Amino acid sequence: MSSAEKGTLRMGERRIDELKNLIYQCNRCGQCLDFATIGQANKCPAFEGGLFESYAARGKYNIARALVDGVIDYDMDLAERVFACNECRACAQDCFKYLDTTGMFTALKEDLAQLGLIPPNLKEALEGGMGLDETHNVYGAPHGERLAWLQDRARVDVPAETAIFVGCSSAYVRQNMAVDTVGALERLGVDYTVLSDEWCCGHPYMAAGQIDKAREVLEHTISQYVDLGVKRLVFNCPGCLKTFKHDAPEILGKALPFEPMHLLELMAYLADQGKVQFKPISPKITITYHDSCTMGRWLDIYEAPRILLKHISGVALTEMPRNRGNAYCCGAGGLIRYDYTDISNRAGNERFQEAVATGADVLMTSCPACLVQFQQTRSRNRSRMKIMDITQIIWEQLAVPGEG
Amino acid sequence: MSQLFEQLVDVCAPERVSDKLPDRICYTRDAGPSPGGIPGYVVRPTTPQEVSGVLEVANAHRTPVFIWGRSTTFIGLGIQDGCILMALDMMDKIIEMDFDNKVIAVEPGTVWHAVDVELNKFGWELAVPGPGGMFSCTIGGSVAYNAVPHALAEYGMTGNHVIGLEVVLPDGQIINTGSGANEAAGHLHFERYANGPDLTGLFVGSYGVFGIITKIYFRIRRVPDMEAYAFYGFDHFEQAVDAAHAIQRQAAATHMVGLFGGPKPANYDAHDAFLHIVVRDSRVAAQERIRVTEAVCESFGGYRLDNNATRLYWEGHMYSWLRNTPPDHYYGNRPFMCPEVAGFMPTDKVKDAIAFLRNDALEHADEWAKYDIRTKCNDVYFSSNAAFIWIDTLYPEMDEEAWQYGLALRSRYTEELCRRYMSPGGILQAVAPEVMTKLGAGFDFIKFLKRSLDPNFILNPGVMHLEPEASHV
Numbered sequence: 005m006s007s008a009e010k011g012t013l014r015m016g017e018r019r020i021d022e023l024k025n026l027i028y029q030c031n032r033c034g035q036c037l038d039f040a041t042i043g044q045a046n047k048c049p050a051f052e053g054g055l056f057e058s059y060a061a062r063g064k065y066n067i068a069r070a071l072v073d074g075v076i077d078y079d080m081d082l083a084e085r086v087f088a089c090n091e092c093r094a095c096a097q098d099c100f101k102y103l104d105t106t107g108m109f110t111a112l113k114e115d116l117a118q119l120g121l122i123p124p125n126l127k128e129a130l131e132g133g134m135g136l137d138e139t140h141n142v143y144g145a146p147h148g149e150r151l152a153w154l155q156d157r158a159r160v161d162v163p164a165e166t167a168i169f170v171g172c173s174s175a176y177v178r179q180n181m182a183v184d185t186v187g188a189l190e191r192l193g194v195d196y197t198v199l200s201d202e203w204c205c206g207h208p209y210m211a212a213g214q215i216d217k218a219r220e221v222l223e224h225t226i227s228q229y230v231d232l233g234v235k236r237l238v239f240n241c242p243g244c245l246k247t248f249k250h251d252a253p254e255i256l257g258k259a260l261p262f263e264p265m266h267l268l269e270l271m272a273y274l275a276d277q278g279k280v281q282f283k284p285i286s287p288k289i290t291i292t293y294h295d296s297c298t299m300g301r302w303l304d305i306y307e308a309p310r311i312l313l314k315h316i317s318g319v320a321l322t323e324m325p326r327n328r329g330n331a332y333c334c335g336a337g338g339l340i341r342y343d344y345t346d347i348s349n350r351a352g353n354e355r356f357q358e359a360v361a362t363g364a365d366v367l368m369t370s371c372p373a374c375l376v377q378f379q380q381t382r383s384r385n386r387s388r389m390k391i392m393d394i395t396q397i398i399w400e401q402l403a404v405p406g407e408g
Numbered sequence: 104m105s106q107l108f109e110q111l112v113d114v115c116a117p118e119r120v121s122d123k124l125p126d127r128i129c130y131t132r133d134a135g136p137s138p139g140g141i142p143g144y145v146v147r148p149t150t151p152q153e154v155s156g157v158l159e160v161a162n163a164h165r166t167p168v169f170i171w172g173r174s175t176t177f178i179g180l181g182i183q184d185g186c187i188l189m190a191l192d193m194m195d196k197i198i199e200m201d202f203d204n205k206v207i208a209v210e211p212g213t214v215w216h217a218v219d220v221e222l223n224k225f226g227w228e229l230a231v232p233g234p235g236g237m238f239s240c241t242i243g244g245s246v247a248y249n250a251v252p253h254a255l256a257e258y259g260m261t262g263n264h265v266i267g268l269e270v271v272l273p274d275g276q277i278i279n280t281g282s283g284a285n286e287a288a289g290h291l292h293f294e295r296y297a298n299g300p301d302l303t304g305l306f307v308g309s310y311g312v313f314g315i316i317t318k319i320y321f322r323i324r325r326v327p328d329m330e331a332y333a334f335y336g337f338d339h340f341e342q343a344v345d346a347a348h349a350i351q352r353q354a355a356a357t358h359m360v361g362l363f364g365g366p367k368p369a370n371y372d373a374h375d376a377f378l379h380i381v382v383r384d385s386r387v388a389a390q391e392r393i394r395v396t397e398a399v400c401e402s403f404g405g406y407r408l409d410n411n412a413t414r415l416y417w418e419g420h421m422y423s424w425l426r427n428t429p430p431d432h433y434y435g436n437r438p439f440m441c442p443e444v445a446g447f448m449p450t451d452k453v454k455d456a457i458a459f460l461r462n463d464a465l466e467h468a469d470e471w472a473k474y475d476i477r478t479k480c481n482d483v484y485f486s487s488n489a490a491f492i493w494i495d496t497l498y499p500e501m502d503e504e505a506w507q508y509g510l511a512l513r514s515r516y517t518e519e520l521c522r523r524y525m526s527p528g529g530i531l532q533a534v535a536p537e538v539m540t541k542l543g544a545g546f547d548f549i550k551f552l553k554r555s556l557d558p559n560f561i562l563n564p565g566v567m568h569l570e571p572e573a574s575h576v
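Top line first, the protein sequences correspond to chains Y and X.
Take any residue in the first sequence, note its place counting from 1, add 4, and you have its number in our numbering.
Take any residue in the second sequence, note its place counting from 1, add 103, and you have its number in our numbering.
These are computed hints drawn from the structure, not numbers from a lab.
All of these numbers come straight from a predicted model, not from anything done at the bench.
Take these hints with a grain of salt, some might be off.
[Said to hold, decoys possible] Below, a list of computed lysine-lysine pairs in the PhoX-like style, where the Cα atoms sit at most 25 Å apart:
id: 1; chain 1: Y; residue 1: Lys279; chain 2: Y; residue 2: Lys314
id: 2; chain 1: Y; residue 1: Lys127; chain 2: X; residue 2: Lys123
id: 3; chain 1: X; residue 1: Lys367; chain 2: Y; residue 2: Lys101
id: 4; chain 1: X; residue 1: Lys224; chain 2: X; residue 2: Lys123
id: 5; chain 1: X; residue 1: Lys541; chain 2: X; residue 2: Lys452
id: 6; chain 1: Y; residue 1: Lys127; chain 2: Y; residue 2: Lys217
id: 7; chain 1: X; residue 1: Lys367; chain 2: X; residue 2: Lys224
id: 8; chain 1: X; residue 1: Lys452; chain 2: Y; residue 2: Lys24
id: 9; chain 1: X; residue 1: Lys454; chain 2: Y; residue 2: Lys24
id: 10; chain 1: Y; residue 1: Lys279; chain 2: Y; residue 2: Lys235
id: 11; chain 1: Y; residue 1: Lys283; chain 2: Y; residue 2: Lys235
id: 12; chain 1: Y; residue 1: Lys127; chain 2: Y; residue 2: Lys288
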């Protein structure tokens, strides 16, 4: 029986011990705690919701240091602080020492996962009867229904240079995003394919510290794209894109054999080339755009959505005080809604109120997790503000030159 | 669950009190290398009444309370095992910006730079630009510490600009200072030196040993029209000190930093020492004042250098630019920590201090090499009439022997320089034995005040070397 099976991990068996050099580099300056450069503004949703520094990056560095120094050991209290993180990466953005904060958090999660110290609801979503292990999606829906939204199956599993990675959210719970994405590529005449046996991108496994499982699902999906000759993989979910673009090369130890990109990047490029146009919107609407953490701080895609919206006549863009790299998390990231709903809701409310205060008609995002979070937050707030994913406006307003 | 824990929960609400180890372990030490104990409880009050309630509970249980703003100091908080750690960073509201009376009222947990940014939106700023940790340090902490700010030369210390305070005394009483003490008038804070002795001054720079600051009334002013910069290199550090002294006499600089050790600014290896000068004023006055500083520097043999480094340092608040390098060069990507020694001295003593530091590093070169000790900087902020030196050595904190050497080095430098002419600004706990024991009757009076205000030694015991005497234990 290994020490992990006995409920302990010895020094040297733990991932965290490999990072001692990094952990000691934190100089506890506290710049990970607030967005002070833009005024008195919250930065870390976990800290604001959890209320103690143990939930924030500086605290987790203190905890990690206490772990490698043998002052503290892993337990469920510690696990709660680690798994309540939204992975919004705001802490890393302003780190005085440019530390890879979230990389260190992942190491903590890996050790906790080894010890079986995963929060109960997340564990159930992964390993339960209709969990991710079984159904390959995080919504407990049958795998066979993954393409239920797709009317025309002609492009399923066919060789093509472009493929669409549908992702669990648009496959099961926000299917209009999948329809809109496919529709936009159809209108542009892009030759594409989708997989009938697409699995979850693996992000939930990463969030749970189960790196081996993430590797397995990535290998499963990537091998199919290779067989179909895919050169470009298009995403409408920044979380899935981030998993492929950032995590996959690291955990697979090799570069991807195709280029991953967000639908918005493709569209903004085509719009600037004059290859797509957009119908004007009437009556005029004011949109405030929420930079999802993954789209922004992880993928550094801030301008593409704004460029697209500027191409649509009748759209006025108004920014929230915290925008681009300073955007506050919607509270849905890191899969924390499974176990830390209060922290998630608190952040969602704060960000939603910030959007409402702009006076915009529409709160727009480009991430299905943010979309769902804001829709639920709107319901709780009994607000009439319209919530949209940007793929919707792209699809609705798209006008291809030469098309009648 | 202990009775003490239950009583803290009664005061502060359950979600703002923790006795869980992963929470407590995060509140043991500041940004410096001094170790600290693990608190027994962490509480996050949101009102002065809750602060008062926590102190009453602490007194009843004879349990020490340590105060936490954002803990960005470098010289040790002295946190004791089992104490109550009171984190004030949830008290983070800007209460009022009163542009008519040029005062802002804030809670202690507001972040310095954040408040400045809020004022900037209206063309105003805090009356002094803030200390090195301005991006994360709290205003309450900066006042309690009387932090040395940027622009020391013209604006003086943080404490100079405090108009009044609301303070919770160790026994839980809440008082106001200055004009704000006038209860009959509704605690109007507009003048510090009113209604008797300067009680504000008692709490400024006392590190929370006499009371807990729960509101700060701070002077604000219009953002000046112009900022002008000068950057000079010198063949000998004595010339740079002489130039700084002359500029002080002419009151020409708003901010003046001398670089007398550590890495030289990139591309300027030929020079021995450097002066960065910032002037803030109306357009005409700023141009005239910067011309004066340039003339003075050149009269002492200074070489005019590209002042873009000065501008970047000032506008970005990044020390790295003092050495003409981008921000990630400041510490480098190594696990090094800094046992800072810092204090005021007469300007003409800077020459002696720099010579001492340089000679000492040579004399102990073997030990420095053995423990991989480096000089991050020997920088000096010049005030209107004196100098504040920052002696920053770096040591590899993961090496236990080097760490001990670093702490010992800090003690030795503090001891040596205080015996000659230095008076530290920040004392807190780690260097308090070296500093306070040199104050004679002055320290006796501070101890008398402590005993009178805090007979149970509840608040920050050990800070400023204020331990309960045997008769009080």
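Each hint tested on the structure:
1. Y/Lys279 to Y/Lys314: The hint holds at about 15 Å.
2. Y/Lys127 to X/Lys123: holds (23 Å)
3. X/Lys367 to Y/Lys101: holds (21 Å)
4. X/Lys224 to X/Lys123: violated (41 Å)
5. X/Lys541 to X/Lys452: Holds, because 19 Å separates the two Cα atoms, which is no more than 25 Å.
6. Y/Lys127 to Y/Lys217: holds (13 Å)
7. X/Lys367 to X/Lys224: violated (37 Å)
8. X/Lys452 to Y/Lys24: violated (42 Å)
9. X/Lys454 to Y/Lys24: violated (41 Å)
10. Y/Lys279 to Y/Lys235: Holds, because 21 Å separates the two Cα atoms, which is no more than 25 Å.
11. Y/Lys283 to Y/Lys235: Given that 25 Å is the threshold and the Cα spacing comes to 30 Å, the pair is violated.
12. Y/Lys127 to Y/Lys288: violated (46 Å)
Against the hints set out earlier in the document, violations occur for numbers 4, 7, 8, 9, 11 and 12.
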